[in-house]
Amino acid sequence: MWTTIFVSGISLGSFYVLIALGFALIFGVTRNFNLAHGELLVLAGYSAYWLWKAWAFPFVLTFPFAILVILLICLGLQRLFSRLRDPIELNSIVLSFGIAILIQNSMLFCFSGNYRLIRIPILSQGFRIPGFYVSYGQLTLFFLSLIILGILYVLMYRTYLGKALRATIQDKEAAALAGINVAAMGTLAFCIGAVLIGLAGPLYGCIHYLYPSTGHEATLVAITITIFAGVGRLGGIILAGWILGLAESFTVVLCGASWREMVSAVLLLTLLAFRPHGILGKGEE
Amino acid sequence: MIQSTSTKTFQYDAKRRVTVDRAGLFLGFLLLLTLPLMVQSNGYILQVFTHALLLASLALAWNLLGVSGSISLGHAAFFGVGAYGSALLSLEQGLSPWLTIPIAGLFATGLGLMVGLICLRLRGAYFALATLAFVEIPRVITGNWDALTRGSLGLVGISGLPTLRMGDWHVDFGSSITASYYLVFVYSLVLLGLVTFVFRSNMGLALQAIREEEIAAEAVGIHVNRYRLSSLLMSAFFTGISGACYAHLVRYIEPGLVYGLHFSAIPMIFAICGGRFTILGPAVAALVLYPVDQFIFHPLLPAGHEFLYGAVLILTVLFMPNGFWWRLRNA
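These protein sequences, in sequence, are chains A and H.
For what it's worth, our numbering labels the leading residue of the first sequence as 959, then goes sequentially.
For what it's worth, our numbering labels the leading residue of the second sequence as 388, then goes sequentially.
Treat the hints with care, since some could be wrong.
[As the list claims (entries may be wrong)] Where chain H lies over chain A, by a calculated footprint (3+ residues, C-beta under 8 Å):
id, stretch
1, 1007-1016
2, 1046-1060
3, 1223-1229
[To be verified] If the Cβ cut is set under 7 Å, some of the chain H residues that face chain A in the computed set are:
id, residue
4, G497
5, L500
6, M501
7, G503
8, L507
9, G511
10, I524
11, L551
12, D555
13, D559
14, G561
15, P686
16, L687
17, P689
18, G691
None of these hints come from the bench; they were simulated from the model.
A quick note: this is a predicted structure, and the numbers were derived from the prediction, not measured.
Don't be surprised by glycine CBs; every beta carbon is placed ideally from N, CA and C.
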């Protein structure tokens, strides 16, 4: 039984990694906390659901559409965020909180409050390896998160563009002095973040029920993982995602499903109380 | 410590400002006082304004903390504990709401102490994120503690506010909408008076100094953490009282409702839109925005009418960061 819990925890954690990557990247480069992250995710899920249900699109083909929708919205949001005055972190929280309410109510208007699920039968099938059971959905999440992390790793650590992005994450002023177009890096971060949200959103619709106010939980997960990992550390993100996923699946088994919602909040508060700048991150300021 | 003479020069430098304040206060007071007479036939309007006044009290209480520069995204925790505390005490112990409402305020203060211990060393954005996460804890515990709170089903049949008797004269707060309107009105006025007193006292000055430049404030001898904690505790106490009033007015609560994002967002939105640095701003915003939402947007868009709050918040942050009331006074 414990191996099954472990497998489901790792797959849940991989999914959380997918959710958190976009948030962490946008925060790292632009220092904007985007509390509308979860709402964007749910919106991507809804747009995939709409294509899949109303137009009978194959599920795989809904991803490009979801990415496009989120990309357009994120480019608009980036214009709003770039107008913020100091203190940027705090103001971005207030601004994105407003955006989250706006998106939530638009979704309520467009899709109503009913629970929706993208049913892909094959994802819930699986096979039994001696000792435990793995579903194709869990495998997909695990490998997809690894593949996306790999691509991001190559982008960040093997290309000139990635170097510029990392420089911006480390020190905005110094990066600007070295001739890096910091504003363009911010736009780029929002674009990559949007692609990541567009990839995670339809998957979210397969795993969770979609309803307008469910995004809040995903936002909290993304914040927890980002703070846990510290700014700009891909390895930290996957570690944090897996720890959170494992903690949640063990909580579900040991205490009951209704206690799960508290796990990420408790983890975040513990982190903030002891290491306000992340477990792996160095102290700042 | 800052002397009271500096209070005078700091607060009363512009006479016009005081005049605007007093004129607005008096006009608003008159309008709200005579509202039941003006809308006699319409209970719905009175109910909306009762709720608006309750939200105004929430925004005022939020701003007791907000004036120190901290933005809380988790006041629903205090609201929910106040609502549940008072409702359970009156349901299970049969105590009168007049007694349970202040006790519920103390419960919320206790929770505020916990928040303070965990979050007060955090600043700015991290404080906001911590409060956002903190709400989940009382919400999940309330939802799971079936034996005490009846879990996620919520509480029904909470007693209404009881009748107040003095000899032959009596007011029935439970069934008369007008009476409960005046009760919430008086409560908001008392809270407004208290906020005014706090803002103009040494404590208010200290909190404003902390907001502007914490290190400098500490350097002139202000106990930063002591002042931040006391403003948090006061804010929690009155948010709890408002939550308790809500429970006895609406007479039905459930964890998802009273600990929901709505009651965290609403006081923050009203306070920021009205003006975090003003005394009246948050209350004015509540009394303007909530009726606009209920009378104009709700009939137009039954699903999703709350987008108004999101839009107003975005516009405020981008174009009027100090809020409209501050802008009016300093135009």
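Going through the hints against the structure:
{"no.": "1", "hint": "1007-1016", "result": "violated (count 0)"}
{"no.": "2", "hint": "1046-1060", "result": "holds (count 13)"}
{"no.": "3", "hint": "1223-1229", "result": "holds (count 4)"}
{"no.": "4", "hint": "G497", "result": "17 Å, violated"}
{"no.": "5", "hint": "L500", "result": "15 Å, violated"}
{"no.": "6", "hint": "M501", "result": "10 Å, violated"}
{"no.": "7", "hint": "G503", "result": "12 Å, violated"}
{"no.": "8", "hint": "L507", "result": "10 Å, violated"}
{"no.": "9", "hint": "G511", "result": "5 Å, holds"}
{"no.": "10", "hint": "I524", "result": "6 Å, holds"}
{"no.": "11", "hint": "L551", "result": "39 Å, violated"}
{"no.": "12", "hint": "D555", "result": "50 Å, violated"}
{"no.": "13", "hint": "D559", "result": "37 Å, violated"}
{"no.": "14", "hint": "G561", "result": "32 Å, violated"}
{"no.": "15", "hint": "P686", "result": "14 Å, violated"}
{"no.": "16", "hint": "L687", "result": "11 Å, violated"}
{"no.": "17", "hint": "P689", "result": "9 Å, violated"}
{"no.": "18", "hint": "G691", "result": "3 Å, holds"}
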